[in-house]
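J.: Listed here are the chains, written in short residue letters.
Number of protein chains: 2
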Amino acid sequence: MRATVLHGAGDVRVDDVPDPRITAPTDAIVRVTAACICGTDLHPYGNMNPAEQPVRIGHEFMGTVEEIGSQVTTIKRGDLVVAPFVYSDGTCEFCQMGLQTSCDHGGFWGAQGVDGGQGEAVRVPWADGTLVTLPRTEDPRLIQSLLTLSDVMGTGHHAATTAGVRRGDTVTVIGDGAVGLLSVLAARRLGADRIILMGRHGSRTSLGQEFGATDVVAERGEQGIEQVRDLTAGQGTRVVIDAVGFMSAYEQAIGVVRAGGVISRVGLPQYEQAPLGVPTWFHNVTITGGIAPTRAYIDELLPEVLDGTIEPGKVFDRTVGLDGIPDGYRAMAQREALKVLVTP
Amino acid sequence: MRATVLHGAGDVRVDDVPDPRITAPTDAIVRVTAACICGTDLHPYGNMNPAEQPVRIGHEFMGTVEEIGSQVTTIKRGDLVVAPFVYSDGTCEFCQMGLQTSCDHGGFWGAQGVDGGQGEAVRVPWADGTLVTLPRTEDPRLIQSLLTLSDVMGTGHHAATTAGVRRGDTVTVIGDGAVGLLSVLAARRLGADRIILMGRHGSRTSLGQEFGATDVVAERGEQGIEQVRDLTAGQGTRVVIDAVGFMSAYEQAIGVVRAGGVISRVGLPQYEQAPLGVPTWFHNVTITGGIAPTRAYIDELLPEVLDGTIEPGKVFDRTVGLDGIPDGYRAMAQREALKVLVTP
Chain A
2 MRATVLHGAG
12 DVRVDDVPDP
22 RITAPTDAIV
32 RVTAACICGT
42 DLHPYGNMNP
52 AEQPVRIGHE
62 FMGTVEEIGS
72 QVTTIKRGDL
82 VVAPFVYSDG
92 TCEFCQMGLQ
102 TSCDHGGFWG
112 AQGVDGGQGE
122 AVRVPWADGT
132 LVTLPRTEDP
142 RLIQSLLTLS
152 DVMGTGHHAA
162 TTAGVRRGDT
172 VTVIGDGAVG
182 LLSVLAARRL
192 GADRIILMGR
202 HGSRTSLGQE
212 FGATDVVAER
222 GEQGIEQVRD
232 LTAGQGTRVV
242 IDAVGFMSAY
252 EQAIGVVRAG
262 GVISRVGLPQ
272 YEQAPLGVPT
282 WFHNVTITGG
292 IAPTRAYIDE
302 LLPEVLDGTI
312 EPGKVFDRTV
322 GLDGIPDGYR
332 AMAQREALKV
342 LVTP
Chain B
2 MRATVLHGAG
12 DVRVDDVPDP
22 RITAPTDAIV
32 RVTAACICGT
42 DLHPYGNMNP
52 AEQPVRIGHE
62 FMGTVEEIGS
72 QVTTIKRGDL
82 VVAPFVYSDG
92 TCEFCQMGLQ
102 TSCDHGGFWG
112 AQGVDGGQGE
122 AVRVPWADGT
132 LVTLPRTEDP
142 RLIQSLLTLS
152 DVMGTGHHAA
162 TTAGVRRGDT
172 VTVIGDGAVG
182 LLSVLAARRL
192 GADRIILMGR
202 HGSRTSLGQE
212 FGATDVVAER
222 GEQGIEQVRD
232 LTAGQGTRVV
242 IDAVGFMSAY
252 EQAIGVVRAG
262 GVISRVGLPQ
272 YEQAPLGVPT
282 WFHNVTITGG
292 IAPTRAYIDE
302 LLPEVLDGTI
312 EPGKVFDRTV
322 GLDGIPDGYR
332 AMAQREALKV
342 LVTP
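Residue numbers (the working numbering), protein chains in the order written: chain A, 2 to 345; chain B, 2 to 345.
Worth double-checking, as some hints may not be accurate.
What the hints assert, rightly or not - So the derived label-pair ranges between C-beta atoms look like this:
hint	chain 1	residue 1	chain 2	residue 2	range
1	A	Arg167	B	Gly325	47 to 53 Å
2	B	Met248	A	Gln113	32 to 38 Å
3	B	Thr138	A	Gly235	42 to 48 Å
4	B	Asp20	A	Ala219	53 to 59 Å
5	A	Arg167	B	Thr215	31 to 37 Å
6	B	Arg168	A	Asp12	50 to 56 Å
7	A	Gly235	B	Arg22	29 to 35 Å
8	A	Gln113	B	Gly165	32 to 38 Å
9	B	Gln97	A	Glu273	35 to 41 Å
10	A	Thr134	B	His44	55 to 61 Å
I should point out that these hints are in silico values taken from the structure, not numbers from a laboratory. Bear in mind the structure is a predicted one, so any value in this text is a computation, not a measurement. The C-beta atom is built at its ideal place from N, Cα and C for all residues, glycine as well.
Use the sequences and the hints to build the structure in full.
T.: So, in structure tokens, the structure goes:
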């Protein structure tokens, strides 16, 4: 089959690779009908170490179950399924508590002999624990929204949930990528009144306003912090969501969080150390969030996607076939596209 | 009057200072009947910058109200009162939300013209917001427990509360000082089942066991981490309380916290930067806690102190008069004494 392989920084290709086969009785083979490119994919795409071997890539996909192993019981051949961006056994203590990203037997797509999501098909380990069956649909808008349950919608929800967003809350969201915009949607959904979106791409922040942002701050750094403080009587907001991961975003978060507030980080940190001394302690700032166990949130979010209450799929602004994937990476890296849908 | 003045590192004296006077209509003058020395006092005692001027010190006290300003309404002359370790106006937004340490008009004892607590008397700003009236008592054990509401009991409670300790929880407490031991008590009070106390002073950890610690780990660093992991099937505990503040304690906390768990920091951080990169993010570790708004907790804890359900005053193991204060500092710094009571 054909699947996406990252060969080096800026060099992503669609190569011929071995067809997936059931290797454990808990596996399933899924024929991918929709996948996408993630902001996280841009990190290795931008910075892959030249010493590394080519790697399979892609971690968001949905598709049709083609084959199941002998121990798979809840997933059937022919099911339309969505896969969260990590696989998980569904039975260990961490899966039971809704932290599937820490699953005892879990792992990432595109690593350790497991296919990446940006290809024609995927061998899915722990199919019962990993996959969620969806109602069949041909509606392209609905398919796009369902696909966001794999990662970006669930990640925005994780940000808002771990921050404990509640009715009447004030929230700053740092970053106008897909996760930032869906963090806005998630915070609004949980009842936040005031949502300040920090981002400087007009077309993206407009979508953020459609999702519920009440204010947009385009400035960054000290100027951005000052703007948010001005908007909040000098105090900052109770919740700050860092949907970026760079140190500059963390510093911005520290600058705009209210005393007693919460910073929820869902952007992959691009730093090892961060300011965490007397100032954060003195202001009783909580740092929470982390990699999102999106599998845990699909049941809660799915009904609202199906009935159109939320339309997270609006983050997709470009569609490519398999051959268009290299150009899709380029477009996302150059910020021409917000999020690229792949229809193999 | 006589009051404690820190003149330099290791040089604490009881000096003659001006008698306190009402300077604002919201002030009260409190004649101190019991005060104490805090682990936090040992930081300037150990490291005071030689370039600094002498400073008044002490931030935990109770006593009798001698005089009140014209706008004080809830505190009366003759009341026995306890003061939290910061003063606060009781009316601003932060005070209303129970974060009196961020009060718009609050501040620390012993600074900016306000008396320290280790002296004969104190001018208390914002007496209505700051002080809490207690039932009169001559019972020395009860007085000791009441005095802990000023800081160490409330700080332990803040650690356990911000960490969200709940029935059946597993908790590691790092540090066997008064705050560590009272964090054990607070975690037990909130229903924790398993409380691992990391400390290496036998007499202190024994008191920790009396307060509810189920396990004691005397080892530190990697060995200590390994021991806690061994005690918890390799996983660590859901909650970790850092009652120390050194980087070594933070690293220990990171090492023993379970995926999806919470580190609550109530020890004053002795660092500016800390590890907060991919590992904490990947394990969904929350960092919370901070300086404790003990004023917010007195109403909740007071009944249990009064009826003897909790006896936090057991942390006091030495009593000195004013003249004994320099020796009290020395004894605490050399770990001869756990916590020193001062009866002026």
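J.: Broken hints, numbered, in rising order?
T.: none
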